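Chains as they are written, first to last, in our numbering: chain A, 1 to 357; chain B, 1 to 348.
Just so you know, the hints here were simulated from the structure itself, not pulled from any lab data. As the structure is a computational prediction, the values presented were derived from the model and not from experiment. Idealized CB from N, CA, C, for every residue including glycine. Careful: at least some of the hints might be erroneous.
Unchecked claim - The following residues of chain A were derived to be distant from chain B, with all beta-carbon distances above 12 Å:
{"id": "1", "residue": "Ala48"}
{"id": "2", "residue": "Pro64"}
{"id": "3", "residue": "Val201"}
{"id": "4", "residue": "Val207"}
{"id": "5", "residue": "Ser337"}
{"id": "6", "residue": "Ser340"}
Stated by the list, open to error - Computed cross-link-like contacts, BS3-like style, restricted to lysine-lysine with a CA-CA straight-line distance of at most 30 Å:
{"id": "7", "chain 1": "B", "residue 1": "Lys59", "chain 2": "A", "residue 2": "Lys234"}
{"id": "8", "chain 1": "B", "residue 1": "Lys311", "chain 2": "B", "residue 2": "Lys59"}
{"id": "9", "chain 1": "A", "residue 1": "Lys234", "chain 2": "B", "residue 2": "Lys311"}
{"id": "10", "chain 1": "A", "residue 1": "Lys34", "chain 2": "A", "residue 2": "Lys225"}
{"id": "11", "chain 1": "A", "residue 1": "Lys225", "chain 2": "B", "residue 2": "Lys162"}
{"id": "12", "chain 1": "B", "residue 1": "Lys311", "chain 2": "A", "residue 2": "Lys225"}
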Amino acid sequence: MSETTTPTNNAPAPAAAPTRRPSATPWRKTRAAKLLASRDAITIYALAVFLVYASISIPRFASPVTTGFLLLDVIPVLLIAMPMTLIIITGEIDLSVASIAGLTSATMGVLWAGGMDIWLVLAISLLVGVVCGIFNGFLIAVLGLPSLAVTIGTLALFRGLALVTIGDNAVANFPKSLTAFFTSKLGATGIPTVMIGVVVVIIFFGVLLHFTPFGRGLFGMGYSKEAAAFVGIKVARSKFWLYVASGAVSALAGIFWTLRYTSARSDNASGLELAVIAAVLLGGVSIFGGKGSIPGVLAGVLLIGSLNYALRLGRVSDVVLITVTGLLLILSVVAPSIGSAIRGWRHTRRAHHNAAQ
Amino acid sequence: MNSALESRKSPNKQPSSRGWTAAAPVLRLRELPVFIALSVLVIVTYLINPLFLSAQGVKDLLLNATIVMILAVGQTLLIITRNIDLSVGSILGLVAFGTGSIFAAMPDIPIIAVFVIGMAFGVVLGAVNGILVTVAKVPALVITLGTLYVFRGLNNAWAGGKQYFAGDRPDAFGALSVDTFLGFPIITLVAVVVVIAVALYMSGTRPGRDLYAIGSDPDAATAFGIKVSKRVLLAFLANGALAGLAGVLYASRFNSVGATTGTGMELTVIAAAVVGGVAIFGGSGSVTGAALGALLLTTITSSLTAVRVDKFWQQAIVGILILAAIIIDRVASLRTAKKLRISEARNV
Chain A
1 MSETTTPTNN
11 APAPAAAPTR
21 RPSATPWRKT
31 RAAKLLASRD
41 AITIYALAVF
51 LVYASISIPR
61 FASPVTTGFL
71 LLDVIPVLLI
81 AMPMTLIIIT
91 GEIDLSVASI
101 AGLTSATMGV
111 LWAGGMDIWL
121 VLAISLLVGV
131 VCGIFNGFLI
141 AVLGLPSLAV
151 TIGTLALFRG
161 LALVTIGDNA
171 VANFPKSLTA
181 FFTSKLGATG
191 IPTVMIGVVV
201 VIIFFGVLLH
211 FTPFGRGLFG
221 MGYSKEAAAF
231 VGIKVARSKF
241 WLYVASGAVS
251 ALAGIFWTLR
261 YTSARSDNAS
271 GLELAVIAAV
281 LLGGVSIFGG
291 KGSIPGVLAG
301 VLLIGSLNYA
311 LRLGRVSDVV
321 LITVTGLLLI
331 LSVVAPSIGS
341 AIRGWRHTRR
351 AHHNAAQ
Chain B
1 MNSALESRKS
11 PNKQPSSRGW
21 TAAAPVLRLR
31 ELPVFIALSV
41 LVIVTYLINP
51 LFLSAQGVKD
61 LLLNATIVMI
71 LAVGQTLLII
81 TRNIDLSVGS
91 ILGLVAFGTG
101 SIFAAMPDIP
111 IIAVFVIGMA
121 FGVVLGAVNG
131 ILVTVAKVPA
141 LVITLGTLYV
151 FRGLNNAWAG
161 GKQYFAGDRP
171 DAFGALSVDT
181 FLGFPIITLV
191 AVVVVIAVAL
201 YMSGTRPGRD
211 LYAIGSDPDA
221 ATAFGIKVSK
231 RVLLAFLANG
241 ALAGLAGVLY
251 ASRFNSVGAT
261 TGTGMELTVI
271 AAAVVGGVAI
281 FGGSGSVTGA
291 ALGALLLTTI
301 TSSLTAVRVD
311 KFWQQAIVGI
321 LILAAIIIDR
331 VASLRTAKKL
341 RISEARNV
């Protein structure tokens, strides 16, 4: 949904800047000040405030056990959120990620049950994810179809193929050493060992988005595809590779899911796509494209994860957890628009005031 | 020589283009591909297994489609205006559980009152979505993704582990989805009436046409003087009412309602609309098409069972259908664009 009824209000910050420029003091608009008050920075503050609050007031929160469980829980969302951030920044979307994870899981189960070497199983499963991504990328980038519609289709298609692959069966007897590795911790810190790999993925996408011409091109595409194409950004090719990356990372998440819960099933990770999108939007990425950052998304994912974990420690039921996620999401998008409305109101009042003088 | 060629060419050309024009209105119908697909599916299944079109078979087909059909009609109203409602499954769940609670608290309440309460409840939930979208000017995709979670959480909090079963409800209420009128299940007739009424509203009234205008170009619609926010809010209210209706019918049709009722339904409903030729970025499509799309998606399950294909293939086929639908739509729109270019070039 790159455009909705009111495309003008999606960008409160750039809209606010020109209205202020003539009257406000210039020091307010320095780069650092802007960065510190940006939408994703607010999510980071919220995360920091919450972590400090939880560590002080919730018993047993600040412990390696917490770190371990919390991080293990958020890994699938964290992984998939990385390519999703880049895709949403270009103004597109990928709803098929959870189905790709499910298909990967089903493939792993069938191949392993068929007696294949585990490393070959992992390689083929990853390849399945890449092929799914290529398929999405082909339809969206080459044929130019709308990504929302295409990925609703492949959401059903890939989940369907997972069902065809493994049916109602579940494969559970993966090698003990491997499944133990996927839940192991780095010494006394409580940080899961696989987090190292996850951090590599995060750094990869962070650098790609924020420090390369390719990444700057993605922001440009989010503002205007035509303008981006005009200044020489290869729009279709960029989109294609994003979907391939999304497929590959979704496959990694599927592999992680399977080995963490020691169960390959066709319905693994179902519904995860909406959780990922909620976390990305909470992290300050605009659904219209053109705005967002990896640190913000990181904070968004961890904020939802740690809130959920804290509520669970406080024996609050799952009931409240989803409500809190939903309210956070709505609040995070409604608040800036209310803020810009107030700024607009103050601006017009000041203008009237000046005119009266 | 040259003129002879020309004179031979032109009469050749005229009739063929005239024949095309005569068939064009039918061929241009966006519902046509999905109608053909549905017919082929039903005929092929019938040829393989004649039991498929027995009285009971047809009744099951229609019953299965009813609820998705009503939801797809509501969703179409929104998609046409470039909005979307991801929270329909949660709305349906809340209303369905509400219906169960009402009957548990007041077993003697008239059934019609339950329908009114259910639809009013749906309107309230739809209003939450609509007001957030139109007042805060935030995209519907984000707002309704949020309310998807919020409504589901409310349902969890309300229902907890409790479930209401068919036995808790009056027999007359359950009979709505068992009894038939002229061979059609009563709740399906309700859906058909809804489809026809909304279709007439969309094609025959000014507010209905306004929805298309809003979806085609919101800025132009505003400039033209259409009250965009008001229309969009009304579309959300209507969608809420229809989701409420579907929730009450769900309680009548299915054995149990609880905290998870309706989970994941949003994507099926949007898929039905997309397969039925409703363009995902607004401006075109029809509720009739969406209803046919819903019928097609739900019929696939029964067909696969009837021709003894593994039921596991069902979802994959649904996916292929959605992709086929948007590719057909793309090809058709490219052709229209080309035709427009040619006719405009002639005018110059």
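Hint check:
1. Its beta-carbon lying about 23 Å from the closest one in chain B, Ala48 of chain A satisfies the requirement of being farther than 12 Å from that chain.
2. No beta-carbon of chain B comes within 12 Å of the beta-carbon of Pro64 of chain A; the shortest separation is about 30 Å.
3. Here Val201 of chain A stays apart from chain B, with its beta-carbon at least about 24 Å from theirs, past the 12 Å limit.
4. The non-interface label for Val207 of chain A is consistent with chain B: the shortest C-beta to C-beta separation is roughly 28 Å, beyond 12 Å.
5. Against the 12 Å criterion, Ser337 of chain A falls within the reach of chain B, whose nearest CB is about 5 Å from its own CB.
6. Here Ser340 of chain A does not stay apart from chain B, with its beta-carbon only about 9 Å from theirs, under the 12 Å limit.
7. Restraint check: the Cα-Cα separation between Lys59 of chain B and Lys234 of chain A comes to about 53 Å, which exceeds 30 Å; the hinted pair is violated.
8. A threshold of 30 Å between alpha carbons decides the hint, and for Lys311 of chain B with Lys59 of chain B the separation of about 20 Å falls inside it, so the pair holds.
9. Our distance criterion of 30 Å between C-alpha atoms is broken by Lys234 of chain A and Lys311 of chain B, whose separation comes to about 42 Å.
10. Between Lys34 of chain A and Lys225 of chain A the alpha-carbon distance is near 26 Å, which keeps this suggested pair within the 30 Å criterion.
11. Restraint check for Lys225 of chain A and Lys162 of chain B: the C-alpha separation of about 50 Å exceeds 30 Å, so the hint is violated.
12. With a C-alpha separation of about 42 Å, the suggested pairing of Lys311 of chain B with Lys225 of chain A is violated against the 30 Å cut-off.
Checked against the numbered hints above, the structure breaks hints 5, 6, 7, 9, 11, 12 and satisfies the rest.
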